[in-house]
Amino acid sequence: MSKPEENKVDQVFEHDFDGIQEFDNRLPNWWLYTLYGAVIFGVLYWMYFHTTAVGPLPEERYEMTVIQHNEEQLARMGDQELTDETLMMMAAVPARVAEGKALFQQFCTVCHLEQGQGSVGPNLTDKYWIHGPEPLTIHGTVMNGVPEKGMAAWGGQLGPKRVNDVVAFVLTLKGTEVAGKDPEGELYETEGP
Amino acid sequence: MESGAAMRTTQITYDDGITRQFLWATTLWGLVALLLGVVVATQLSFWQANFGTSWLSFGRLRPLHTNAAIFAFVGNMMFAGIYYSTQRLLKARMASDILSRINFWGWQLIIVSAALTLPMGYTQGKEYAELIWPIDIAIAVVWVVFAINFFWTIAKRNEPKLYVAIWFYIATIITIAVLHIVNSLVIPTSPVHSYSLYAGVQDALVQWWYGHNAVGFFLTTPILGIMYYFLPKAAERPVYSYRLSIVHFWALIFIYIWAGPHHLLNTALPAWTQSLGMVFSLMLWAPSWGGMLNGLLTLRGAWDKLRTEPVIKFYVVAITFYGMSTFEGPLLSIKAVNSLAHYTDWIIAHVHAGALGWNGFMAAGMIYWLVPRLYGTNLWSKRLADAHFWIGTFGLLLYVVAMWTSGINQGLFWQALDADGFLKYPDFVEGLVSARFLYHMRLIGGTLYLLGYILLIVNVVRTVASGKAVNVTVDVAVPEKEHGPGFRKLVLARPIVFTLMFTGLGVIFFYGGLIAAILALGGMLILATATYLLTGDSWGQGYHRALEGNSTAFTVLVLVAILAGGIAELIPSMIIRNEVPAISSTGELMTQKPYSPLELAGRDVYIAEGCYNCHSQMIRPLRHETLRYGEYSRLDEFIYDHPFQFGSKRTGPDLHRVGGKYPDLWHYTHMMDPRSTSPGSNMPSYAWLKDSKVSGPKLQRKLEVMRLLGVPYSDDDIASAEATMLSQGKLISDALAETGIELEPDSQMAAIIAYLQRMGRGPRPTGPEEPVAEGGLE
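Which chain is which? The protein sequence lines are A and B, in order. Mapping the first sequence onto the numbering used here, position 169 (from 1) lands on 169, and the numbers just tick up by one. Mapping the second sequence onto the numbering used here, position 321 (from 1) lands on 321, and the numbers just tick up by one.
Excised from the complex, chain B in its bound form (with noise of 0.2 angstroms):
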């Protein structure tokens, strides 16, 4: 290449080991988490299918299918992707065995302990975030072990510039580290609970910003930057713009983290995060587009390979489905059209479509690409990876479609308004029933996709047997020193002043008064003509290539990009939080009370059981749903709500006001056997609650940590929390008694009984005594 004539070179042995682990991590999780997939539709199409234990059951399940899929499946293809291309990207072998063997065996670990422990219901029940928080701490130092060992490896590097990839990956690195650090901060109560350090719709917005960035930051940067690597290495084609390149990536990390509050569109969220959410979204289309675009035209002279190579087949194909699930995504963020998806089996598909589309079929690309490279041998059959291809494809396409179809039913059948302007179906149940056929779609959808993944799993199982483990060995230019620019001119730049003044006055437009954003919008266009006009169409591309020669520098600014957006939406929004009104809007007595050491209990219960999967407890502002459910959900029903149980889906009803909608022996009845109150249901039973107990001493333990969260419980509160719960759980025995039933006061189904009962209403009777329960739970 074009450096001088005293090119010094060193032999590299790249530790393609680590790599083969986790491939082979991945092809196990792989597995498990489709399997999982299915079980969890298998549910959904027939309850029967819950068997009546409770490890077994649909809400335990469910987030266990979600965690394998996310982090022991993409996680371990991310990871393997990772090594196997930094390395080659850097000319360096990893910097620590050690490191990336604690790496490898960590992650198994938390993912065993995830797959133990969820069946179990030790849960902390916000979505994707659900494991207990030793787990959590677990998953923390891994992954600073696995920065360390990456950036340590960047330091050591034998090439000047970082790729695009190694962009990503840095991106990925940075972001999940603050965004699982911030959600996961709990106080515990034991050993395997805790407690939000958040309440109610700050721990919704929380919780929101990371659920959204997880899919941003865990299953869609990481995959770029290994298609940046792998898709123009099977292509064998350059890639096809470094200046898009450029502009995506920015602007993709940076906008990314505003778009979270989209998931609380029309919800007790202030409306000017619900705006903000919505607008960001939108602008993400065209940086998602951006890496489609650079895949895609990256294949531009090779297209011929899609009929000879599985590979670029399963590459189009998943960069096929992460542009249209980008296009969905700001498609779904529009406020009105998220009234009709929210909740419904519309994002089902659309997550579907993201996870098994873009995410699978990535994985399968760089699988078959992998494998026979890594065991020195070709793969063993291209037909079946063509079959696993065709199988996949339309197991994916009815599967989607299905969910596509159920999820805008479900939408106009809960909004449709008969002519007197009342609801045209007012039984929930009829909605799910009607909806049956297109759920067994979806289980046959997913079951072929699962088949055609086994077929992965024999091909690879076929060539790793033709073939032997090959370490590669090369031989790599040791680079002069370069003397670039310094980190802080790299930082305090023309480009990086520029777009800080810009963030700057945006910020000015977003918070300010009418003035102040005609001022701010003013000098952001000046602004932008003025750099367009001083350096033309090609700015800053000079300075990037010095940028990409100085990793600190980077990583700096990747930080800077990324905790914009958390900051001008979280802080906000935590300040707004002694603001709240102890009075409604309507003007009663709304004064929140904490929850009865019952219905504490109760609603431990009720996240334990993942209820959060399958109902919320949000009403929003629509006519269809206040006429269905009651009046609309506001911000101050939930300052004492750790977690969060706002729940975004619907398989069952919104419950935020279901308290003293039914009787308490509805509720034993219906917990007991659903389909005997609610025919049709789809609910799987829960009737080990009866024969499970509330721990009284636990439960003091646990007010205790309410009040250090700040939920006003007083000294006698916490002291008699035992006798408290035990003489509301009486109440409730006694009245079931009358008709016959036998019910423990300190049961978990008394607890969730209470804690139903309570739900978007003042307190209840904890006692006989109590003036208040004259002609109460009777």
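Next comes chain A alone, as it looks inside the complex (with noise of 0.2 angstroms):
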């Protein structure tokens, strides 16, 4: 078996498997450089993140991003407060309820029907309210959910202001009485504030 000389440019061995013969030819620099190149960023991306910690790891970069957020939307929010009030006006705006509508018809007619007549969920259209009938309150069913009664916490996934939409259209259908599901929880003859 001969050697070739270096660097020499196909220069084949003699020796052959089954017939198959071997050039001996210089490995390409570029990808050298490409082998190089990815083992150097290894060792900074190691020596950033970790030997070092300077970098922020997933679960840090995450907080930064929450807290980033909270500042902006607390920022966007400026002093205005959500009250009953608000809430009542928001329901008096078509454009509101019509984008409540959409959404209600997208995410809350699984359980509560089309009409807010109630299957899974209660019936929004009667007089009865497990938890009262406050634009408040039930902003916050809507918001944070009743997990024990199987009601979903909407607010990580729709959002404050589609939140407060589907509120303004729950508003409305207060008191229209469609036939659905029996009444439950206590009976509030007066309609909210």
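Derived from the structure by calculation, the hints contain no laboratory data. Fair warning: this is a prediction, and the values are worked out from it, not measured in the lab. One should not assume that every hint holds.
[Claimed, not checked] In silico DMTMM-like pairs for lysine to aspartate or glutamate, Cα to Cα no more than 25 angstroms straight-line: (1) B/K424 <-> A/E114; (2) A/K181 <-> B/D734; (3) B/K481 <-> A/D16; (4) B/K233 <-> A/D18; (5) A/K149 <-> B/D734; (6) B/K233 <-> A/D16.
[Said to hold, decoys possible] Computed Cβ-Cβ distance ranges for the label pairs, DEER-style: (7) B/S695 <-> A/N70: 49 to 59 angstroms; (8) B/V351 <-> A/P183: 52 to 62 angstroms; (9) A/L187 <-> B/S695: 44 to 54 angstroms.
Note that the Cβ used here is the ideal one computed from N, Cα and C, for glycine as well.
Using the hints, put the two standalone chains together into the complex.
The structure is reproduced here in structure tokens:
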């Protein structure tokens, strides 16, 4: 078996394997640089994120995003406060009610049915309320859910703007008295504030 | 050749019969695997194609599809190629015809038992390792038979040196044995059911160490070996570079093993393991491309054959797809890219570029080259092979492009936030519906690929009909006994000592503190420079030739190279077990309580139905995920999950915190008819769960095995398992009865509802007397 001279292009080994011969060409430089580059990147990456712990790992990065979002959200809200009144005002704005209706049909009709007459979830059109009829209470129910009753928390998935719209629409259902699920909760004769 | 005057020769007849057998099996199982692929793609496009039967549902057929493609199609193709080329490269007939036949029939038996058990719902619930424990044992036995036959043939060889293809075969045999055995360690509860020895995050790490390297050492290394034999044969050109073979072989097998954790990026897996997986995946890019280069550059001077030889066409596209996939792999392993691509169809595109492009076309090239030679005739129709090539390539591209588009679309859809910083698309199903067109494209692409493959079958059948099986007999020179360096000298040679020192310093760099890391880094630089200065550019090449003459030393070094990464990643993670916090980061009492008997039964239903094929149970620390699904998953939440069920794909939403999100009635309705609660869903109906029962006595045995695995069930828990199961089931059936639905308390439906309601939160009431039950599941 003869050894080819260094760096000679396409010098073939005499020896063959079942007729297959081999050249001994140099490794392409760009290929070597790719390999070295990846190794150097790996070393630097590791030192940045682990050895020196300067870079934020996924969970730390997540905490940072959450904080940043909260700050932005608070800034946007300004000093506006959500009250029974503001929610009732939203229920009086047709565009917002329409938004809420669309969302209600997308997410809520599964349990409360098309007109809010209830199936899995309670009837929203009668005068009986399990947690109370106040707009803020309804808002809280939609936002945070009532896990033990099977009501999902929609705050995360829909976000505050959409939750407000849904509540606005639900407020318009009150007292429409659609025949559906039997009343649950306590009777409230007078409508909320 | 160069040997002296007194050259002894001997006559050898190769066992080409075994190659023919494996080749027929390849052809047949290839058809089955592709057909199953088209079936499951149809089910994803049209849910009606699940036909409402348990054994035809997607969750059970998808594992059958993947197992058929990997182990039946590529497995048989690999055996065919190895049996054919090994005998010729070693100038020796396989050592034992009987062992070859045991290998063949044993493997087919394994495939048939897989095809019977998977649709029946007998599964271990770990991807590409679904087969139940008796089949796992059969795989290990057949693999050992193959290994004995192979190494015995090496021992009897009439060729002093081992060619590069043989190196890859050795790496395949050793590594697959290690991976399969370690990942399949279970404790049986019955002849068809078992629980993984590992739980939760550890189970996930072992599984993806296995899963990733099944790709590496079942779908890649043997096929590279096959490339190194069949490509220069077909091109009639020398291999481009011997030294590239050496460098990329060792780099590939050493680095591949470390990359497994890239399947678990941004999950509850400890961050250091994730980062190791990521950086080693990036380092894997060049070694993988080394194989592509040596393949494509071997064709220099033979490119004209691309016009006339279908075999070369298939190889060129196969190797190009190999290069594309091994670039895409490292890309997907970057945490930021992965946060977009994980759980989406992008991964489906990636694996099919590899499986259909690289494996499928390498198989086609090999078959077209081998069949005429094994039957002493010419290929029946080159034009038909050309047609296969073009139809297949077009189908493949359509498939991959559709899934790329769909995957990136899904990723962007899920993470899109509106101006207020909340989910822009809160409805998961909306994304699924928007991808429907691309799902149809995928179905068309896959069907075209299957059509092309049917042309191959026609061509094979007609070619065989025109010829007669031939067994090649050759006269080979019996080599003089070479007196190369011995085992000790080879294993303790300078390149090996250098590599071991370098690796040792590398381990210190990764696991040490700041000062240790800097010192280790300096040491590595000094070591590398010193070695370069001492030995120059061509260090180790003479040594490697000597190593190629000693198969034992070669095999031992391969074993060391592939064990390094596994040991470095798995062992520290196993030790972590004891440090797992019992209280969550948020401070609430999250002491993990074992699943109730009914919940455990429900979990087994979840596994048997293959829910993990479409649903994940791993919420990543990404804001769009916590908005959509709830608090991100932590590693301490999975300590009793034997096996883990993180999943790797979200055709449906994540389920880790689905517990308590909907009432029992919702789940019942959803299981009976998914579209009644989620319009647009492509989930099959699971109505049969209503009529299937949970077995009480079996449940007791399952609890006992779980206790053996470290889950704290008391004697009382185990003794009363059946009663507890019934009382919890009754809570569910009573609640449903109020809405007029009849459900047996011990039905599998009640069990899976109980499991889903338990997911991501603490224990649920198991009987009416429990004080916690007040206001609970009413």
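> Where does the structure disagree with the numbered hints, that is, which hint numbers, in rising order?
Replying inline: none
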